[in-house]
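Asker: Heads up: the sequence lines are chains A and B, in that order. Take the first sequence: its letter number 219 is residue 219 in my numbering, and every next letter is one higher. Take the second sequence: its letter number 437 is residue 842 in my numbering, and every next letter is one higher.
In case anyone wonders, no lab produced these hints; they're calculated from the structure. Possibly wrong hints are sitting among the right ones.
Listed next, the in silico DSS-like pairs over lysine-lysine satisfying Cα-Cα at most 25 Å (straight line) [what the hints assert, rightly or not]: (1) 39/A <-> 553/B; (2) 553/B <-> 394/A; (3) 403/A <-> 814/B.
So, partial list: chain A residues that the calculated Cβ filter (under 10 Å) puts toward chain B [unchecked claim]: (4) 4; (5) 42; (6) 135; (7) 210; (8) 212; (9) 213; (10) 276.
Derived DEER-like restraints, expressed as beta-carbon distance ranges [claimed, not checked]: (11) 9/A <-> 409/B: 53 to 63 Å; (12) 16/A <-> 780/B: 49 to 59 Å; (13) 409/B <-> 287/A: 33 to 43 Å; (14) 765/B <-> 34/A: 23 to 33 Å; (15) 496/B <-> 390/A: 22 to 32 Å; (16) 594/B <-> 316/A: 30 to 40 Å.
Glycine residues also receive a C-beta, built at the ideal position from the N, C-alpha and C atoms.
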Amino acid sequence: MSLKNKLHDLKEHYKGKKMAPAFNAIHTFLYAPNEVTHKGSHIRGVDDLKRTMNMVILAMVPCLIWGIFNAGFQHYTAVQGAAAPAFTSFVDHLQYFFTWDNFILGATKVVPILVVSYLVGLVVEFIFAVIKGHEVEEGYLVTGMLVPLIVPVDIPLWMLAVAVVFGVVIGKEVFGGTGMNILNPALTIRAFLFFAYPTWMSGDKVWVHDAVARTGTADAISGETVLGMLAQKKELSYSIAEAFFGYIPGSIGETSTLLCILGAAILIFTKIASWRIILSGVLGALAMGTIFNGVIDQGWITEGSKFYALMSLPAWQHLVIGGFAFGITFMATDPVSGAQTNKGKYWYGFLIGFFAIMIRVFNPAYPEGIMLAILLMNVFAPTIDHYVVQGNVKRRLKRLKVKTA
Amino acid sequence: MSADIRISRGLDINLKGQAKKEVSQAVRSNTYAICPDDFHGVIPKVLAKLGTEVEAGSPLFYSKSNESIKFCSPVSGEVVDIVRGAKRKILAFKILADKEIRYKDFGSLNVGTSNSEQIKAYLLEAGCWPFIKQRPYDIVANPEQTPKSIFISGYNSAPLSSDLDYVLGGKQAELQAAVTALSKLTSGKVHVSFNSSSSPFAGLDHVQKHSLSGPHPIGNVSTQISQVDPINKGEIVWTVSAQDLVVIGNLILTGKYQPTRKIAVAGSSVKSPKYYEVTLGAEVSTFVYDAGLNSDNVRLINGNVLTGTTVAADGYLSATADTFTAIPEGDDYEFFGWNKPVFNKISYSRALTFSWLFPKKEYDLDTNTNGEHRAFVVTGNYEEVFPLDIYPMQLLKAFVYQDLDEMEKLGAYEIAPEDFALTEFVCVSKQNHQDIVRKGLDLMHKEIG
């Protein structure tokens, strides 16, 4: 008896029982189900939610791999201090980047985070599926991948576990599961971490492995991000090219703008992410950045101001530093928490970009605006959609009035 | 003088098993069946009790909501069975057909001199009224109302459906008689549409002609109505399918109710897909086995693959079908079906699916859903295949949560379930859109009227 038939018999055995969703989740992972159409169209397109979510994960894999190496790379570079090789070009620097040492250190830090994220999240999902008797939905496959990429490398695993439970339960399951949530679950998890354990989620130590542990010792190393330096008005120790390619400290997977662009290209080409959100998000960020540059040019804000460094940063460089590229590519495009109408997506994306840069500049305590900007717009997305849909409703009413008049 | 209707949003689904342009005569069917369910929303009241001898055109039952709407027998013979289901609901009237069909003579109608009341009474009496459907709600039209316009689509854009230019060739006289009669029933115009100049509709008088271009669902009447004369609240539009128009025309010219037509028997499970001349209500087996089936595990569909209804091998041709399709059942598992690259199925996205590379290729799709039912997640993909100025997902959600006010505002009066066949096809969450729409429209009809 083949595996296929054995699993089929097991499925029939579990049918109608409490554990059926848990079994089906594993079964459908191996085999696409034998379900046929009963109502409506007799044929269906090949895409299902699993395939869609899987593409998003694939688009993030380059960021994850880069993140693993970068975790090691940043540590050793910081430890070497001035002796570290200077950045000349992207290709030349790869020899110092893709090394066995970097990988080992990175993997020992990142893989446990990945495992904890998936394990804890999926256990919560399975429990809810069994209790509520619905199928295990695929939403967490993406969330579980996003979470490791947007946390600092040294985050304690218990903290992550607590945050994941909070994010999945409060961020998603209480609303009814995948498709019903208001906020992006991955960002809910990150926001929880940020507000519950601020010392672990911001500052100038957490972004490089071991920087916190070495504080106060003779071997102390810095672990600051580019944004942190700008907010503190320190001398920038990274070029914009390094930031673009991703040779900088930051959350695990978000440092490389290049790979985020690659991910965005994959998602747009496969028609999974909305190009409207990404495009208008970039335009929104450029708009806000240009306004700030204009303010500097007018001399309204002088060098003495604490906002000066971030405000005077050329607008386009805002796209490269920090988590902007990652957030706009992988999290703003979440179809559930984002705007759902095509017109609404332009507004939604634009305002995310706009607010991301505004928060970045005016919030020196936490110089990354994209997380809060996306969460803010998640909340306003239904409002945007409401007005867009009302436009359609009004057009219909107007047609009627013209007729009767 | 023809106005153009163009759309760009839509999707042409190329399937294997297109019917060849040759006509065979179906084997004579012993029994015929008329199913009240083929006319949505009609509650039948029996006129021809068990054992009654009927002629072709004799009424079998009438609609509870309006007793003048009669449904007639397609052939002469004896009513041998009235099949009932749960709660004694009537599922079908079965007629054992005579060897020689006797037709009830309704007398031909001079459409030139008849007024609308005479035409209505004539069509009602001869059982041709149920062919006229109304928007909103996509149900049999109410003869007491006057529509603001009547739409007839002369082009089937759905996959594998009958080529109307071919099956209606030589039927100009019938079409003309029917549209002339219909033109007296509306306060506006009769709109007909077609996509080639060789269409039998191109030469008709007393109608407003529209030429069509674009992908499916350009042939759906909703698409055409929305561009020509959109339906507002309180307005009524009637629609008649092109094949039914011929039956009406034939009645007017000859006085006989003779619902015989050419239908495409198509689909990848059919050995030799071609056209058959059949009478509505005939046994499916009278033509399916002549065309041949590739395997036992097939889905037989009254209608096309997007909007048709499943029928058993010992079932009957639906009273509204103009196409018959057979495709393989997809009741098997597929190893790693959710993530491996797919070349042999159609996908709207490009997520490791490669149908976008081969736009001309003909596919052999089965009835597998290719995934499990989920909540609405992905946004923006329905709009790409939905040409109406309506937000499809928002309207579907309004139907699901049964908000009558929202349904009305979002344009529920303008649509029929068939308009959601393509959104259903591309739906990543495998929701049954047409079923949602049908139930929603029924609710509206019940609550608002």
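Asker: Under the constraints set out in the numbered hints, which ones does this structure not fulfil?
Answerer: 1, 7, 8, 9, 12, 15 and 16
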